[in-house]
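**Q** The listed protein sequences derive, respectively, from chains Y and L. Read left to right, the first sequence gives residues 1 to 303 (my numbering). Read left to right, the second sequence gives residues 1001 to 1312 (my numbering).
Treat the hints as calculated values from the structure; they're not laboratory data. C-beta atoms are modelled at their ideal positions from N, C-alpha and C, and glycine is treated no differently. Hints may contain errors.
As the list claims (entries may be wrong) - Each computed BS3-like pair below joins lysine-lysine, with the alpha-carbon atoms no more than 25 Å apart: (1) 1156/L / 130/Y; (2) 160/Y / 1045/L; (3) 300/Y / 261/Y; (4) 1211/L / 1242/L; (5) 201/Y / 160/Y; (6) 1189/L / 1242/L; (7) 1273/L / 1189/L; (8) 1309/L / 160/Y; (9) 1306/L / 1005/L; (10) 187/Y / 1242/L; (11) 160/Y / 1046/L; (12) 187/Y / 1046/L; (13) 1242/L / 1229/L; (14) 1242/L / 1184/L; (15) 160/Y / 220/Y; (16) 130/Y / 21/Y; (17) 1156/L / 79/Y; (18) 1211/L / 1309/L; (19) 1156/L / 1306/L; (20) 1211/L / 1156/L; (21) 250/Y / 231/Y.
Stated by the list, open to error - Residues from chain Y that keep clear of chain L, each with C-beta distances beyond 12 Å, as calculated: (22) 16; (23) 79; (24) 136; (25) 210; (26) 291.
To be verified - Restraint-style ranges between C-beta atoms, simulated for each label pair: (27) 50/Y / 1255/L: 42 to 50 Å; (28) 25/Y / 1100/L: 38 to 46 Å; (29) 1175/L / 81/Y: 36 to 44 Å.
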Amino acid sequence: MISFDPNKLIRETSVGILNEKNLSIKAEKIQCFAQQCRLDTFDMIHLRGNGHWGGSASVADILATFYFHVMNIDPANPKWDDRDKLILSKGHGAPMLYQILAHRGYFDVKELATFRQLNSRLQGHPCMNKLPGIEMSTGALGHGLSIGLGMALAARVQQKKNWTFVIVGDGCLNEGQSWEAIMAAAKFRPERLVFMVDYNKVQLDGPSDEIMPLDPLPEKFKAFNLNVADKVYDGHSVTEIMESWEWMQKNQTAPMVVIYKTHKGKGVSFMEDQSKWHGAPIDQTSWTLGREELVSTLEKLKA
Amino acid sequence: MSEIKQISMRQSFGDKLLELAPSMPELVVLDADVSSSTQTIHFGKKYPERFFNVGVAEANLVDIAGGMAACGLRPVASAFAIFIALKATDQIRNNICYNNLPVVLVGGYAGLSDSFDGASHQSITDLAIMQSMPNMRVVAPADALEFSRLLEESLKLDGPTYFRICRNETPVISDQFDPVPFGKIQVLKEGVDITLAACGITVPIALEAAKQLEAKGIAAEVLNVSCLKPLDAETIIQSVGKTGRVITIEEHNVIGGLGSAVSECLMQNHPVKMDMIGIQDTFTETGPYDKLLEKHGISVDNIIEKVNKSTI
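All chains should be modelled from the sequences, with the hints used to inform the complete structure.
**A** Structure, rendered in structure tokens:
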């Protein structure tokens, strides 16, 4: 039988991260917390019988690092004028975003159990007018870069210093609109705008190399005249994600691109890099086997 | 009677943006490489830090505007009506309407007004698309003056608004009537025999038809339905309650436009005999604006003919 008690979602793993001054200890704590979120997301998607595991697992460490280390935000005052903004353009990563937002204090973690249920604020894809902490409703792919550009330009008009982070996946970059936004970002050049690619190279129908090849991706962004980080960061290493933030702070005067190498379905060996696990329901057997792996990794990280 | 002025809505658009700019620091204007046509270029020249020409990229245009609106700015996004409605449908729905963001969309060169450019540039589906979007206000102003007034009002409202405006100079008639609140139907002429419900550039045409009908002893009531959504059902029902019949006149496909909106309202509340003048579910073509309108039945003569048939 499935055991899923929302009260158990109140994990000690997120406690103390924000105040941790030692960066290497902080990185370890975030790494551990992200793995806990992965496990809870895995349970949640299995329980619900729908939701996107692959892309959620892929983006876990990036989201955890940004919400617990990078962003200047106030969950008690989610509409604070000067806050940093993050748009999850790959809106199907919603289950992971909800985990992180709940633990960051935007809403009660108990509410996570309502994911994808009727009358829930936790819609299948993020909805900004229902749930605090969501900067923009997403779901239809390819919107995020334009919206983020609009937000960064708004900051310029309003003379604000906040950051705008947009996380896109392979699917988003298939959409022509993304490249309209990239062209326009290179034209208008707002400060403190980062396009972050959760580059797991797998999309719904198969490997992106087969469905719609994006490589050479850094060169494409460079050809569009954006400032692209030379290093492709490991999107599952909190230390490297922290390092990418250091790079952003040194390059903030023009729109930036940071590519993170990630794995779809990260954390469950037989699901990793498999397009099947983009959005397939997690059946009982896969759940049992996958959970063992996720728990085992979590135990190692905690030790 | 003094001569009726002819002013284009795009001219009043450009002028109004310039007028509002000093007192509205949150006003930003976006265009898609048609600013010299839509007249937003004047705002762009005077306020370059608040003007964003995104090139021929309507989807990007609307989403950038949405992002700005989410941050407290009041964006006006301008492009040709046909292209903003068709190429940015997803962005209009999933961004600005779903999130109820205060973006004002202005579709220029609407209806058949880009007449010589032909069917590829003539917008006969924008009202249908926009009306189907929850949260969207849909407005087809009757003339340059009414557009100017409603544009200013729309910038004080929550949520998105779509204006479709004409390229060419059209008669200014709204100064002859007392303005009504945003969203209300203006009764331009009272009558008991038939209701003529018009929107956009067909309003002066309907008024002229009513004048000629008057001489023949037929008292037509003329409604300016500039706001198609939300629709002022009360005024329409009241009018047909008196007249018992209605003709809608629009510069749009009769499917999904004013005819549909009025029909939906009346079928549920007060069914009466009805006729629809507009594009009869066909593609249009190149030609002089007035002749093209005439060919598609958007003319004084056709209104009179339909009224005569309807009132026999």
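**Q** Going through the earlier hints one by one, which of them does the structure break, listed in rising order?
**A** 5, 8, 9, 10, 15, 16, 19, 20, 23, 24 and 27
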